[in-house]
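Enquirer: Counting from 1 along the sequence shown, just add 959 to a position and that's the residue number in this note's numbering.
Errors might be hidden in some of the hints.
Just the calculated beta-carbon pair ranges, DEER-fashion [what the hints assert, rightly or not]:
1. Lys1076 / Asp1050: 17 to 23 Å
2. Pro1003 / Thr1030: 20 to 26 Å
3. Ile1004 / Tyr1046: 31 to 37 Å
4. Glu1075 / Asp1043: 15 to 21 Å
5. Lys996 / Asp1043: 34 to 40 Å
6. Lys996 / Ser1039: 15 to 21 Å
7. Val1113 / Thr1042: 28 to 34 Å
8. Glu1002 / Val1113: 35 to 41 Å
9. Ser1005 / Glu1101: 30 to 36 Å
Pairs of lysine to aspartate or glutamate residues, derived as EDC-like cross-links and limited to a Cα-Cα distance of at most 20 Å, are as follows [to be verified]:
10. Lys1028 / Glu1044
11. Lys1049 / Asp1090
12. Lys1112 / Glu1062
13. Lys1094 / Asp1000
14. Lys1049 / Glu1035
15. Lys1028 / Asp1073
16. Lys1112 / Asp1063
17. Lys1049 / Asp1073
It is worth saying that the hints were derived from the structure and are not from the lab.
Think of the CB as a built atom: it goes at the ideal place given N, C-alpha and C, for glycine as much as any other residue.
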Amino acid sequence: MINKKKGGKNMKKIIIGVLTLFLLIGIVCAADINNLKMPNDWEPISNGTYHQKDPFTNGGNGHNMMIQKWTDSLKEEYCSNHTDENYLVKDYGNNTMVYVFDEDTGCFEVVEIDGEKYFVNFWYTKGSNIDEAAKTYDFMMEFNKLNNVQPIKV
């Protein structure tokens, strides 16, 4: 004769084990910002930071990119003008912002990847140049297309 109570306890253990396995697989498969797709002429520098491999032969002048988890302190730092520090930011539309800071010109957005919000910043460091600012935006749109993400409102 089968003991129904013992069989029920074993089934609960199996279900808990399977659920734990799915949870662990989900954690392992969570977004790794170092494995995001970048345009062909870009390479990683360090954790979440990239730059153009050979910018002068690819029509650029030394663009960079950084991605990191979105925080309130980043919002305070990047989304407001700081005229005392020569930092000016403007809404560019489509939930993207453009900025000028001393010798940097760039644009940024916030995207959601696997339920986490990330700050994506593309910039050019050789002075404020409207043509280079437009290129940073184009690089950001290409990054979005490659990774199937869109900027979100923050």
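Enquirer: If a hint holds in the structure, say so; if it does not, say that too.
Expert: Consistency of the hints with the structure:
At about 18 Å, the beta-carbon gap between Lys1076 and Asp1050 stays in the expected band of 17 to 23 Å. With their beta carbons about 22 Å apart, Pro1003 and Thr1030 fall inside the hinted range of 20 to 26 Å. For the hinted restraint 31 to 37 Å between Ile1004 and Tyr1046, the CB-CB distance of approximately 23 Å leaves it violated. Between Glu1075 and Asp1043 the CB atoms are about 32 Å apart, so this pair departs from the stated range of 15 to 21 Å.
About 38 Å separates the C-beta atoms of Lys996 and Asp1043, a value consistent with the hinted range of 34 to 40 Å. For the pair Lys996 and Ser1039, the supplied restraint of 15 to 21 Å is violated, since their beta-carbon distance comes to about 31 Å. The beta-carbon spacing between Val1113 and Thr1042, approximately 22 Å, falls outside the hinted interval of 28 to 34 Å. Separated by about 28 Å at the C-beta atoms, Glu1002 and Val1113 break the suggested range of 35 to 41 Å.
Between Ser1005 and Glu1101, the C-beta spacing of about 21 Å breaks the proposed range 30 to 36 Å. As the CA atoms of Lys1028 and Glu1044 are separated by approximately 24 Å, the hinted pair breaks the 20 Å bound. A C-alpha spacing of about 16 Å is found between Lys1049 and Asp1090, which places the hinted pair at or below 20 Å, so the restraint holds. For the suggested pair Lys1112 and Glu1062, the alpha carbons sit about 27 Å apart, so the restraint of at most 20 Å is broken.
Taken as a hint, the Lys1094 and Asp1000 pair is honoured in the structure, with Cα atoms around 14 Å apart against an allowance of 20 Å. Restraint check for Lys1049 and Glu1035: satisfied, since their Cα atoms lie roughly 14 Å apart, inside the 20 Å limit. Taken as a hint, the Lys1028 and Asp1073 pair is honoured in the structure, with Cα atoms around 12 Å apart against an allowance of 20 Å. Taking the CA atoms of Lys1112 and Asp1063, the gap is about 24 Å. The hint is violated against a cut of 20 Å.
Our distance criterion of 20 Å between C-alpha atoms is broken by Lys1049 and Asp1073, whose separation comes to about 28 Å.
In the structure shown, a violation is registered for the earlier hints numbered 3, 4, 6, 7, 8, 9, 10, 12, 16 and 17, in ascending order.
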